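Q: Construct the complete structure from the given sequences, taking the supplied hints into account.
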Amino acid sequence: MRLLTTKWFQHATFALGALLSGVVTSTQACDRHATAGFGRFPVMHAQYPAPNIEELVAPISLKHAKKVLTSQGKDASIPIYYRIPKGYQDVEFKFNGSPEISFQDEAGFSPEHKAGIYRLKYHALEPGRHSVTILIKGKKSNKPYSKVQTIEVVAG
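For the sequence shown, our numbering gives the first residue as -6, with consecutive numbering after it.
I should point out that these hints are in silico values taken from the structure, not numbers from a laboratory. All of these numbers come straight from a predicted model, not from anything done at the bench. All C-beta atoms in this analysis are idealised placements derived from N, C-alpha and C, irrespective of residue type, glycine included. Check before you lean on any hint, since a few could be wrong.
Mimicking SDA-like on lysine to any residue, the simulated pairs with C-alpha atoms at most 20 Å apart in a straight line are [what the hints assert, rightly or not]:
no., residue 1, residue 2
1, Lys132, Val50
2, Lys133, Val84
3, Lys107, Arg76
4, Lys107, Asp83
5, Lys107, Ser54
6, Lys60, Gly149
7, Lys107, Lys67
8, Lys59, Ser70
9, Lys56, Pro72
10, Lys87, Ile53
11, Lys130, Leu55
12, Lys87, Gln65
13, Lys59, His106
14, Lys114, Lys79
15, Lys60, Pro72
16, Lys60, Phe96
17, Lys56, Val84
18, Lys87, Gln97
19, Lys67, Ser95
20, Lys56, Ala100
21, Lys114, Val50
22, Lys87, Lys136
23, Lys60, Thr126
24, Lys56, Lys87
25, Lys114, Tyr74
26, Lys130, Val141
27, Lys60, Ser124
28, Lys79, Ser139
29, Lys114, Lys132
30, Lys60, Gly121
31, Lys114, Leu62
32, Lys87, Ile71
33, Lys133, Lys67
34, Lys56, Lys136
35, Lys59, Leu128
Across the chosen pairs, the derived CB separations fall in these ranges [claimed, not checked]:
no., residue 1, residue 2, range
36, Ala8, Pro52, 25 to 35 Å
37, Asn89, Ser64, 17 to 27 Å
38, Lys132, Asn89, 14 to 24 Å
39, Lys130, Asp98, 12 to 22 Å
40, Glu145, Gly101, 33 to 43 Å
A: Structure, rendered in structure tokens:
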């Protein structure tokens, strides 16, 4: 009877109880492992399909000034840097401007290379604030794709 009251026996009993409750808890956690709320990575479980790789294609990169200053009637150009990642087909760039903006070249192009610089040549017919809209159209993994960006033109 003295064995049940010793400190050693109390510690051993506590340790055994903690160990057994840990087994039960880990079993319950394993049962919940495959639920949709499994942390930040539910797709890592075999129950969930892998993400569609076509949806992971990077977007077309387009860099240009957001606002340009020019003089009325003076020829000017805006450098537009573009990069088209793999997965895109039949990409076209089209440019539309306010009625006060006149383009010197055809208002659009189909890029021959996956990356480059296009210089959009234009001039403002009247002073004031105007806009140039860039429309990118094409196919991303054989599905329609489009993107629109705007450049503000301030003519003095």
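Q: Evaluate each hint against the coordinates.
A: These are the hints, each one checked on the structure:
1. Lys132 / Val50: Roughly 12 Å between the alpha carbons, so the hint for Lys132 and Val50 holds.
2. Lys133 / Val84: 9 Å, holds
3. Lys107 / Arg76: 6 Å, holds
4. Lys107 / Asp83: Roughly 11 Å between the alpha carbons, so the hint for Lys107 and Asp83 holds.
5. Lys107 / Ser54: At roughly 10 Å apart (the allowed maximum being 20 Å), Ser54 and Lys107 satisfy the hint.
6. Lys60 / Gly149: 13 Å, holds
7. Lys107 / Lys67: Violated, at about 31 Å.
8. Lys59 / Ser70: Holds, because 13 Å separates the two Cα atoms, which is no more than 20 Å.
9. Lys56 / Pro72: 9 Å, holds
10. Lys87 / Ile53: 14 Å, holds
11. Lys130 / Leu55: 13 Å, holds
12. Lys87 / Gln65: 23 Å, violated
13. Lys59 / His106: Answer violated: Lys59 to His106 is near 24 Å, above 20 Å.
14. Lys114 / Lys79: Judged against 20 Å, a Cα distance of about 28 Å means the pair is violated.
15. Lys60 / Pro72: 12 Å, holds
16. Lys60 / Phe96: 17 Å, holds
17. Lys56 / Val84: Cα-Cα ~16 Å, so holds.
18. Lys87 / Gln97: 14 Å, holds
19. Lys67 / Ser95: This hinted pair holds, its Cα atoms lying about 11 Å apart.
20. Lys56 / Ala100: Within the cut-off at roughly 18 Å; holds.
21. Lys114 / Val50: 31 Å, violated
22. Lys87 / Lys136: Holds, at about 19 Å.
23. Lys60 / Thr126: 12 Å, holds
24. Lys56 / Lys87: 15 Å, holds
25. Lys114 / Tyr74: 14 Å, holds
26. Lys130 / Val141: 9 Å, holds
27. Lys60 / Ser124: 9 Å, holds
28. Lys79 / Ser139: Holds. Lys79 to Ser139 sits at ~16 Å (cutoff 20 Å).
29. Lys114 / Lys132: Status violated; Cα separation ~27 Å.
30. Lys60 / Gly121: 13 Å, holds
31. Lys114 / Leu62: 14 Å, holds
32. Lys87 / Ile71: Since the Cα atoms of Lys87 and Ile71 sit roughly 14 Å apart, the hinted pair holds (cutoff 20 Å).
33. Lys133 / Lys67: The hint is violated at about 38 Å.
34. Lys56 / Lys136: With Cα atoms ~24 Å apart, Lys56 and Lys136 exceed 20 Å; violated.
35. Lys59 / Leu128: 15 Å, holds
36. Ala8 / Pro52: 25 to 35 Å: 56 Å, violated
37. Asn89 / Ser64: 17 to 27 Å: 22 Å, holds
38. Lys132 / Asn89: 14 to 24 Å: 21 Å, holds
39. Lys130 / Asp98: 12 to 22 Å: 18 Å, holds
40. Glu145 / Gly101: 33 to 43 Å: Once the Cβ atoms are compared, 20 Å apart, the range 33 to 43 Å for Gly101 and Glu145 is violated.
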